[in-house]
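Chemist: Single-letter residue listing:
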Amino acid sequence: MSTAIGRLVRAELKLMVRDPLVLTFVFAFPIVTMLIIGGSFGTTPDPDFAGAKPSHWYVASYLTVVIAATGLIMLPVHLASYRERGVLRRFQASGFPRFSFAVAQLVVGLLVTAVASALLLIVAAPVYGVPGMHLPARALIGIAVGAVAFVSGGVLLGSLMPSARSAQAVGLLLFFPSFLLGSGGPPPRVMGSALRHVADVLPLTQVTKSIRDPWLGLGTATNSLIIAGALAVVATVVAARRAAL
Amino acid sequence: MIRDLRKRYGARTVVDGVDLDVHQGEVVGLIGANGAGKTTTVECIQGLRRPDSGTLRVLGYDPTTQADQLRPHIGSQLQDSALPDRLRVRETVELFATERARNADELLDRFGLTSRRNNAFGSLSGGERQRLFLVLALLNRPQLVFLDELTQGLDPAARRNVWAAVARLRDEGATVVLVTHELDEAEVLCDRVVAMRGGRVLDAGAPSELIDRHAKWATVRFTWTGTPELYADLRAVAGVRTVERIDDRLEVRGDRRIIAYVGAELVRHGPVPDDLTVEVPDLEAALLGLLDGATPEKELEAVA
Chain A
405 MSTAIGRLVR AELKLMVRDP LVLTFVFAFP IVTMLIIGGS FGTTPDPDFA
455 GAKPSHWYVA SYLTVVIAAT GLIMLPVHLA SYRERGVLRR FQASGFPRFS
505 FAVAQLVVGL LVTAVASALL LIVAAPVYGV PGMHLPARAL IGIAVGAVAF
555 VSGGVLLGSL MPSARSAQAV GLLLFFPSFL LGSGGPPPRV MGSALRHVAD
605 VLPLTQVTKS IRDPWLGLGT ATNSLIIAGA LAVVATVVAA RRAAL
Chain B
38 MIRDLRKRYG ARTVVDGVDL DVHQGEVVGL IGANGAGKTT TVECIQGLRR
88 PDSGTLRVLG YDPTTQADQL RPHIGSQLQD SALPDRLRVR ETVELFATER
138 ARNADELLDR FGLTSRRNNA FGSLSGGERQ RLFLVLALLN RPQLVFLDEL
188 TQGLDPAARR NVWAAVARLR DEGATVVLVT HELDEAEVLC DRVVAMRGGR
238 VLDAGAPSEL IDRHAKWATV RFTWTGTPEL YADLRAVAGV RTVERIDDRL
288 EVRGDRRIIA YVGAELVRHG PVPDDLTVEV PDLEAALLGL LDGATPEKEL
338 EAVA
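Protein chains in written order, with our numbering: chain A, 405 to 649; chain B, 38 to 341.
Simulated from the structure, these hints should not be mistaken for lab results. We put the beta carbon where it would ideally sit given N, CA and C, even for glycine. Among the hints, erroneous ones may be present.
[What the hints assert, rightly or not] Each computed EDC-like pair below joins lysine to aspartate or glutamate, with the alpha-carbon atoms no more than 16 angstroms apart:
#1 B:Lys253 - B:Asp192
#2 A:Lys418 - B:Glu131
#3 A:Lys418 - B:Asp122
[Stated by the list, open to error] Here are the in silico distance ranges between beta carbons for each label pair:
#4 B:Gln106 - A:His601: 32 to 38 angstroms
#5 A:Ile630 - B:Asn155: 46 to 52 angstroms
#6 B:Arg87 - A:Ala518: 47 to 53 angstroms
#7 B:Gln106 - A:Gly536: 49 to 55 angstroms
[To be verified] Short derived list, chain B residues pointing at chain A, Cβ under 8 angstroms:
#8 Gln83
#9 Leu85
#10 Pro109
#11 Pro121
#12 Arg123
#13 Leu124
#14 Glu128
#15 Glu131
#16 Phe133
#17 Ile283
So here's chain B without its partners, still in its complex pose:
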């Protein structure tokens, strides 16, 4: 639980009154562009940085004054934090394993690192390194896991691989705070998303709620060679905003309901085109406007 967290570096305000609640068993995504204040926020939560003001309570501890008691209960995969190049995977796990540690071999196996046990950290690929960081983050049975820019710089295959690992974590009931600027990542993995910009929370909610709030529209496209009366009928459909026609191609835009209504009109007029496509916005589309362009007034509207 965080209330009114604030942090400045010199004259620059990085976190400007952030409130955040994370419930047990939840995967919460902190999303926003670089410089939105995400990493600073989670560093304050972990007691790695001292906030200028605000109330923090994490697992019953105040991270500002009780970091030593708090940290053993936290698993953390840090952004921009490596390991010694010559340390082998097996030795790394031994180094980080406290008396509470779970079976390291089982974890390495789960994250596909068993065959790399005797390899040095410096010889691992980007994806393998991130998976090793995940192993370390989970090793000591943490109650709360922080994953910061987990898939940064990974190729798509490695990214999917890491996602699958986090999804398994979620399914096991772990409480996870995921920091990312990749909106598709947040949509796939998070129960709830907190969008940040300029050190402030713009909006928070389940991915589907955010899509509903910020991107309710849908686009239906198809080729039409049948009766021209369809055009006028479509324009009269409830929820339709625009109908555009280029030669035989039609594009109908409006709110989500139009998917059903346009379908009904097509059935009524017939024959139903066989190249029908429906585009509905994802979380990325929902948040891009919010994160990139919104004015403070619009942000307030959106939050309200």
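So that you can see chain A by itself, here it is in the shape it has in the complex:
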């Protein structure tokens, strides 16, 4: 790979797997919390989980924890630290094509998400089993669209933050409510109505629904998919402009 994007992707992937923050939040955190929460509610179908097995509910939900960790923590901190340290200026001055960095970040974000998600399912399989997909095309589109929305959103967030520290602070502040209300926390049916309203406006909730519902046969979640798709388009366009060299 000798194109600028290829060279960037290769270097960035190496950096990601050497970054303790990435290893912790994108790879370890989703697996550990999935194992704990998935085991807390048992494996018998439960009306609070729309009739699904709680363990399967969480396996199908947790891909978005990986997606959120990538988009809300990994990429913003990474990009902000690049801006802070003048790495982006060096890329710019060295003649890297204008959109090469933005595209490379998108590719790296999606690759990291894919690998971390695969790892999550590999760990889940012997413990809780991976449920079969009722509407596989819909579920896979939901995964792809959600990943693009959050990876682009992460690039955008990183391009707006003045420093790596502020990116980490804001990223964690966005991540944990999204994680607890929109993906890996209690199911919506046990939340109070106020909390459920808050959960509904979180982008991660929509992405989780657009994956989990067709996966477990709870519905098509078309509205959620449209919202996630719109977010993906807007975030990608704005992120590409903001992260252009």
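Chain A is fixed; fit chain B onto it per the hints.
Modeler: Structure of chain B alone, referenced to chain A:
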């Protein structure tokens, strides 16, 4: 080639009508105190900043509108620009190498980084980092190289090391724009020096020309125990401005010619003292007054 470059940040004018020509194969030093507008000028030349007005032509391109075409031909060592800490030296070179790149191993070897190939950027010393930036600046066979505050924060040994690297570059015929506030660095490395202050060019020329223009004087010092007639004879020498005597120590100041004349007088009166020293100003002495204290009127005189 730059004509009448101007750039403001808010109400502050940083570059105020700069003209600059750099010829192929030349090492040109842009010197001046912090805030003189040097870095902003080279950033405009590289298309990293958009000037408010002025004409720029770099390697046939307009950096304001053709930065994408221009940048592949430029090598740049930027001020205040790091690399990811966990990226290794070898990987860094691979990342920046385009299809035009020269042999990276040879470059790393030339800059003494071969043994650090597998070390992360974060573990390199200040001097090693600057040498790696030099490697990156030269990697893709640039036609024009910008080096901005290359030796800032380096210890003297590391500084000499980096200087030697730039000198080799010069000897190979590279065209280099060196931004610095270290006048000794400019004197050692540059064919031509452009002195800037307050966003304007004060004077430009070869280091020796600038010394001639702004610091022609010389000081001769020695111990004299011979005949007192020497004092009067020295005062009559052409070019001598002052003769000061403290006990047996004499200090004679004047223009450069006095070095020969004072020598002749010493030979004539004899015996020639064995502690004779001659001090001639360097570029630093020549430019310190120009950069620090000159009034606009004096600057105009100096340029004229």
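Chemist: Just to be sure I understand the hint, the distance between the Cβ atoms of Gln106 of chain B and His601 of chain A should be within 32 to 38 angstroms; is that true here?
Modeler: 53 angstroms, violated
Chemist: Is the straight-line distance between the alpha-carbon of Lys418 of chain A and that of Asp122 of chain B 16 angstroms or less?
Modeler: 12 angstroms, holds
Chemist: Falls inside 46 to 52 angstroms, the C-beta gap from Ile630 of chain A to Asn155 of chain B?
Modeler: 49 angstroms, holds
Chemist: Would you settle whether the hint for Glu128 of chain B is holds or violated, based on the nearest Cβ-Cβ distance to chain A being less than 8 angstroms?
Modeler: 6 angstroms, holds
Chemist: Honestly, do Arg87 of chain B and Ala518 of chain A meet the 47 to 53 angstroms range at C-beta?
Modeler: The hint (47 to 53 angstroms, Cβ to Cβ) is violated, given that Arg87 of chain B and Ala518 of chain A are roughly 39 angstroms apart.
Chemist: Cβ-Cβ distance between Gln106 of chain B and Gly536 of chain A: within 49 to 55 angstroms?
Modeler: About 54 angstroms separates the Cβ atoms of Gln106 of chain B and Gly536 of chain A, which means 49 to 55 angstroms holds.
Chemist: Have a go at the Gln83 of chain B hint: is there a Cβ in chain A nearer than 8 angstroms to its own Cβ?
Modeler: 6 angstroms, holds
Chemist: Less than 8 angstroms between beta-carbons is the criterion; does Ile283 of chain B satisfy it with respect to chain A?
Modeler: 53 angstroms, violated
Chemist: For the restraint on Glu131 of chain B, tell me whether the closest CB of chain A is nearer than 8 angstroms.
Modeler: Holds, about 7 angstroms.
Chemist: Do the numbers back the hint for Leu85 of chain B, that is, is its least Cβ distance to chain A under 8 angstroms?
Modeler: OK, holds: Leu85 of chain B within 8 angstroms of chain A, min 6 angstroms.
Chemist: For the pair we were handed, Lys253 of chain B and Asp192 of chain B, check the Cα-Cα distance against 16 angstroms.
Modeler: Measuring from Cα to Cα gives roughly 31 angstroms; hence the hint is violated.
Chemist: Under 8 angstroms, Cβ to Cβ, is where Phe133 of chain B needs to be relative to chain A, so tell me if that hint holds or is violated.
Modeler: Hint holds; Phe133 of chain B Cβ to chain A Cβ min 6 angstroms, cut 8 angstroms.
Going down the numbered hints, you'll see the structure goes against 1, 4, 6 and 17, while the others check out.
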